[in-house]
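Chains as they are written, first to last, in this note's numbering: chain R, 104 to 263; chain L, 104 to 263; chain U, 104 to 263; chain V, 104 to 263; chain H, 104 to 263; chain G, 104 to 263.
Misleading hints may appear alongside valid ones.
As a list, the in silico DSSO-like pairs of lysine-lysine whose alpha-carbon atoms are at most 27 Å apart [as the list claims (entries may be wrong)]:
(1) 134/L with 183/L
(2) 211/H with 226/G
(3) 134/U with 211/U
(4) 260/V with 211/V
(5) 145/R with 187/V
(6) 211/U with 226/V
(7) 260/G with 134/H
(8) 226/U with 260/V
(9) 260/L with 260/U
(10) 260/U with 211/G
(11) 226/R with 211/H
(12) 226/U with 260/U
(13) 226/R with 187/H
(14) 145/G with 183/G
(15) 134/U with 211/V
(16) 226/H with 187/G
(17) 134/V with 183/V
(18) 226/L with 226/V
(19) 211/U with 211/R
(20) 145/G with 260/U
(21) 260/G with 145/G
(22) 145/R with 211/H
(23) 134/U with 145/L
(24) 211/L with 187/L
(25) 134/R with 211/L
(26) 226/G with 260/G
(27) 187/U with 226/V
(28) 226/L with 183/L
(29) 226/R with 183/R
(30) 260/V with 145/R
(31) 226/R with 145/L
(32) 134/L with 134/R
(33) 260/L with 226/L
(34) 211/U with 134/V
(35) 183/G with 145/L
(36) 211/R with 226/L
(37) 226/G with 187/H
(38) 211/V with 145/H
(39) 260/H with 145/H
(40) 134/V with 134/U
None of these hints come from the bench; they were simulated from the model.
Please read all numbers here as calculations on a predicted model, not as lab measurements.
There are 6 protein chains.
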Amino acid sequence: MSVIAIYPGTFDPITNGHIDILERASGLFEKIIVTVANNPSKTPLFTDDERLVMIRESINHIPNTEAVMFSGLVVDFAIKTGAKAIIRGLRALSDFEYEFQMALMNHKLAPEVRTVFLMPNEKYTYLNSSLIRQLAQFNADVTEFVPDCVLQALTQKFGH
Amino acid sequence: MSVIAIYPGTFDPITNGHIDILERASGLFEKIIVTVANNPSKTPLFTDDERLVMIRESINHIPNTEAVMFSGLVVDFAIKTGAKAIIRGLRALSDFEYEFQMALMNHKLAPEVRTVFLMPNEKYTYLNSSLIRQLAQFNADVTEFVPDCVLQALTQKFGH
Amino acid sequence: MSVIAIYPGTFDPITNGHIDILERASGLFEKIIVTVANNPSKTPLFTDDERLVMIRESINHIPNTEAVMFSGLVVDFAIKTGAKAIIRGLRALSDFEYEFQMALMNHKLAPEVRTVFLMPNEKYTYLNSSLIRQLAQFNADVTEFVPDCVLQALTQKFGH
Amino acid sequence: MSVIAIYPGTFDPITNGHIDILERASGLFEKIIVTVANNPSKTPLFTDDERLVMIRESINHIPNTEAVMFSGLVVDFAIKTGAKAIIRGLRALSDFEYEFQMALMNHKLAPEVRTVFLMPNEKYTYLNSSLIRQLAQFNADVTEFVPDCVLQALTQKFGH
Amino acid sequence: MSVIAIYPGTFDPITNGHIDILERASGLFEKIIVTVANNPSKTPLFTDDERLVMIRESINHIPNTEAVMFSGLVVDFAIKTGAKAIIRGLRALSDFEYEFQMALMNHKLAPEVRTVFLMPNEKYTYLNSSLIRQLAQFNADVTEFVPDCVLQALTQKFGH
Amino acid sequence: MSVIAIYPGTFDPITNGHIDILERASGLFEKIIVTVANNPSKTPLFTDDERLVMIRESINHIPNTEAVMFSGLVVDFAIKTGAKAIIRGLRALSDFEYEFQMALMNHKLAPEVRTVFLMPNEKYTYLNSSLIRQLAQFNADVTEFVPDCVLQALTQKFGH
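Chain R on its own, in the form it takes in the complex:
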């Protein structure tokens, strides 16, 4: 059985929580495509290119993964690439309803694509990209939560 999975997100920026999910998924599926949302209506801290470069550098130790930019509906991308699974990290209660809404909707739009939830290490339970941006802005030490290349990019961005 050779299942392709996609792991969609904004990754603004990628955190150690995302990487933990990818490491768990890499042992379960043949290939995992990280699909990075290009959402014109949001203004991310990092550009499309910056986010993609940081992801690729952060995941190159996980052999069966790759990263691409993407805009549109996740299920459309899944169908186009033949992916049978959408991977989502489920960290805390606040994720629950949004993720279930998306999973049910995606199931209606493409029943052959399954949403698969993985839980990160509990030390990442309350971690998300928005918190990282906020902490970095105030010059707090986020070494524990992001890969090196993201740490450098944050330092540069906020000019500390």
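Chain R is already provided as a structure; the job is to place chains L, U, V, H and G on it using the hints.
Chains L, U, V, H and G alone, transformed into the frame defined by chain R:
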């Protein structure tokens, strides 16, 4: 990649919600072993044998599945059979914390085994075996929620 | 429009929270039948008769209400009496999933009967009969939470 | 007993979930007034007129309903029209706290007006207007979730 | 033991819920410093000065409290002032995850500073500053929820 | 300010999560009395004496703590000993409502006693005594979650 997954539970009795989860999982993993808990401290409505027979009859249309009785820790069984994934249905909020507690604990006991959460069809969101037992006891019609063999077993058990 | 509603529960014992819900409902529906669960598998603190007597005394200031014992499925009783609404108090998060499970199941069993949720005064948010029994057992003052007749019955029961 | 109820919302646009709630409420109350929020600080996708026209077309099979625009506090409108009930759909956990906050506040502002919660069919559990707008924007098929006139309006709005 | 605690927030405006928390905390700690967030990226209804003046007037009956403006990370302020506790009100479920995220993050940044949660009176369970601003805008009576000086400031601000 | 706090619980057995809470509390209050529930209606795994001995051994590195057996209402004990604070660990969502119910009720019974919630390290988020008993029964390694003396007692109890 040839991943074996286990799907643990008490299945007292198996419901259409369980079967929906298994159908989703069957497209993602090479083999799925339904492990039926033999818990001496609980008194199930159906005996070990009754539960196992109903499960086998209910899932024989899903080729890459099998069912076995099991007592002890789920991760020990996973390690013994070489399973790399534990499948759990995540239906509603009330499942959330118990499932996360179990997943984190299992991760500590056996980091190489991943807990994979799948969401059933929303029509099974509020369905569980305990509700089925309760409804059947009052002679309510549960045709929509359980396979035929379970329906017959419930009728026999409650003598309606 | 002349709608009959039922308000099911165990009422072991009735609390001011229950009465608050009934007062709210009494302005919305023609008649409200308090249906008191006679559940042979549970051992309530108060007998069927004791509970019924306390309810009747506590609600006799609300003209369009009455109380009866009942065993079986709530929807069966609703259909038999022509009730179109089942009233449920929704106090706190912990009520949420159980109540939704019941409401969905009852909707499937009898689509013509609607479950109507009312919210009690916030001072009753964390009040329930089980807490009252527990507090009374330790001789705590529960005057604020139950009607007079219940207060007396608790004092007698626990012999303080 | 002749109770008038109001069903307030933004309805941008009305969905089958809203209509399901209205159909349930129509059997319980004498008249139901759908009050459509005219909130100058938000920019809805559809104008006041567009929303009102779509609602009226979608609910004209439910005899005891009508729809009006409204700005201000919901309880003020309830008092002015003599409504004794405010109807709210309670779908999922995320609704819970906001709805309870509103219900408690409205109870303080106008104790004679009751908030009545109804639960939609479980297939609408994760449906809301914002999700519909998002899906329609990406050209996803939302036929199952909105009435025909809304489907057409969305197609026109997004020019697919 | 002489413990200094800080009570951070935006206080736009201070409510009776905040004051309730402070009254509870004042019996537990030697001194409580109310730190008022000066967040340049948000536009509060009341200016820094207005908020500070209202807080000082509202808490001058609680002897061991003081109020200061502050920008930056709360833990940095705690360390600078030698505070060993951060006080947070925990009212309802919606506070839970955000507060836990903050508490865990602050613990990582400064392990010697403890986050202490207090629960306000249940009549303030669903109260927050944003609701007060919204109600005042529509000329609803908020006398029960804010101190006198805030009531006057709201009346002036909205020109009723 | 010299505040005595009590930390009530069943402690069957004490875990590293409890100890983490006590270490946090020890820096905030003058003295902390661990009150161990003697609940005749429950049958704990460990006797009163066993639990008390394990607690005392586990907390003797925290100077301002002591442990005593206790039966009855926690607030009665607080009043008798002059304690002004009840300490509770708040780990996860499932604790939330029960703890709030208790805190509100205790506030009504004794307004001068405050309930103070502390959050343990996130690695103890999903840890509780019941899980420990369950895991130990199946011979799982719980070294990471309990102090040495508890580990030995569990081994002896389950005869592995």
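- [ ] Output the numbers, in ascending order, of every earlier hint that fails for this structure.
- [x] Hints 4, 5, 7, 8, 9, 22, 23, 28, 29, 31, 35, 38 are the ones this structure does not satisfy, whereas the remaining hints hold.
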